[in-house]
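With these hints in hand, go ahead and build the complete structure from the sequences.
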Amino acid sequence: MGKKFFQLIILILIIFCFNLYALAEEGLTDTEIHIAQFGPMSGPAIAWGSVVKGGDLAFKIINDEGGINGRKIVYHMVDDGYIPAKTKFGVKQMQETTGVFAWIGGVGTATALSVKDYISNKSVPWISPLSGAKEWIDPPNKYIFAMYPLLSMEARTLCNYAVKTMNKTKIAMVYQNDGYGKSGLAGAEEEMAKLNIQLVAKVAVEPTASELSPAALELKKVEADTVLIWLTPFAGLKLLQAAKTMKYEPQWMGGVSFADFPLMFKLSKGMWKDMICTNYADYNAPQVAKYKEAFKKYAQPDETWSTFYQVGIAVVEVLAEALKNAGKDLTREKLIAELEKLNNFKGSGGPIGFKPFNASDSSCRKGTNSVNIVQCLDGGETKQLTDYIKLE
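In the working numbering, the protein residues as written are -11 to 380.
Since the hints were derived computationally from the structure, they do not count as laboratory data.
A portion of the hints provided could be inaccurate.
[As the list claims (entries may be wrong)] Below, in silico cross-link-like pairs of lysine to aspartate or glutamate (EDC-like), each with a Cα-Cα straight-line distance of 16 Å or less:
id, residue 1, residue 2
1, LYS190, GLU206
2, LYS48, GLU20
3, LYS334, GLU305
4, LYS208, GLU237
5, LYS343, ASP126
6, LYS209, GLU237
7, LYS257, ASP366
8, LYS190, GLU211
9, LYS232, GLU199
[Said to hold, decoys possible] With beta-carbon atoms standing in for the labels, derived distance ranges:
id, residue 1, residue 2, range
10, VAL210, LYS378, 25 to 33 Å
11, ASP18, LYS182, 50 to 58 Å
12, ASP375, ALA181, 33 to 41 Å
13, ASP375, LYS343, 22 to 30 Å
14, PRO274, ASP52, 16 to 24 Å
We treat Cβ as the ideally placed atom computed from N, Cα and C, and that holds for glycine.
Okay, here's the thing in structure tokens:
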């Protein structure tokens, strides 16, 4: 009788422990929170990997200050080389072997969209995929919180600034002939229609195009004095090179992806000077001085402070605020609830706010409604031209 009773107790304990394990939040212990981000830490797009490294700096500062509610952050950086197939492999491997409580960032539209369904279907929160595609909010997803500016909003803001502040009227757009480029074009056309001005040219460039001289020539022929570039930064660089050989120098404008001025000024050998871009980072935020001091302590010799680096920090600030507010008894549902309560939260990026999930309201997961405008100065320095602009 005693032996059977003992065996029964052991069985009950095993079942109890198994149920506790099943109920436990993946990537969460009493002392640790596992957070991950993917991005190009190698390959031709490695410059954008500074977003991932910016996140690393922010988490090191948090851990130095004692963590969040008694837990330290364990940060996992997944190198996908900016290749969607590698993104899918790396994210799945990290989620299913190490276990991740929440994902942040993730550089690139194609790469991020390749794992959108996988991450959300596992009910894992994802804060700020670094892509301006409308798929992140339309339709809204309970587990995805978009912070990166929409491509259409960026283009609208630049057109509005060019016309109303710079008094430009001969505005053209050169765009990548895919979803990325067409999203920007749609925004530009919408804003120009409101301003009762037509774009003087809409020049499509295939994503695989290596020669940008035809596009530059078309822009020169219509005598556009302002050109919005909705290409990759490296295709944009080729466009500037082609235009320079033709002695064509309009006011160039680009989105957030063009705003890493130290890098692009260096790569362009100075041609990036005077480029005007939308921007998410706030260079005047009081926290920036603290982060730059920590950068001196932790950064590797080959790292440089940049817009993308600061964006990586800004994403972590939002996550950290919600984790802190969720308290010691943390769950993914509590994290989501606290993210939804954020209203006009201001860190080293633009104002952020979300709302309770509503499948019929795309704005519930659209955290960013404004961007500022910056200009590249000599040496790759940045001049902030405006405060955050919110268009109706």
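Against the structure, the hints come out as follows:
1. LYS190 <-> GLU206: Within the cut-off at roughly 9 Å; holds.
2. LYS48 <-> GLU20: Given that 16 Å is the threshold and the Cα spacing comes to 13 Å, the pair holds.
3. LYS334 <-> GLU305: 9 Å, holds
4. LYS208 <-> GLU237: 9 Å, holds
5. LYS343 <-> ASP126: Within the cut-off at roughly 15 Å; holds.
6. LYS209 <-> GLU237: Answer holds: LYS209 to GLU237 is near 13 Å, not above 16 Å.
7. LYS257 <-> ASP366: 11 Å, holds
8. LYS190 <-> GLU211: 13 Å, holds
9. LYS232 <-> GLU199: 14 Å, holds
10. VAL210 <-> LYS378: 25 to 33 Å: Once the Cβ atoms are compared, 31 Å apart, the range 25 to 33 Å for LYS378 and VAL210 holds.
11. ASP18 <-> LYS182: 50 to 58 Å: 54 Å, holds
12. ASP375 <-> ALA181: 33 to 41 Å: Taking Cβ atoms as reference, ASP375 and ALA181 lie about 26 Å apart, which means the hint is violated.
13. ASP375 <-> LYS343: 22 to 30 Å: At 24 Å between Cβs, range holds.
14. PRO274 <-> ASP52: 16 to 24 Å: 19 Å, holds
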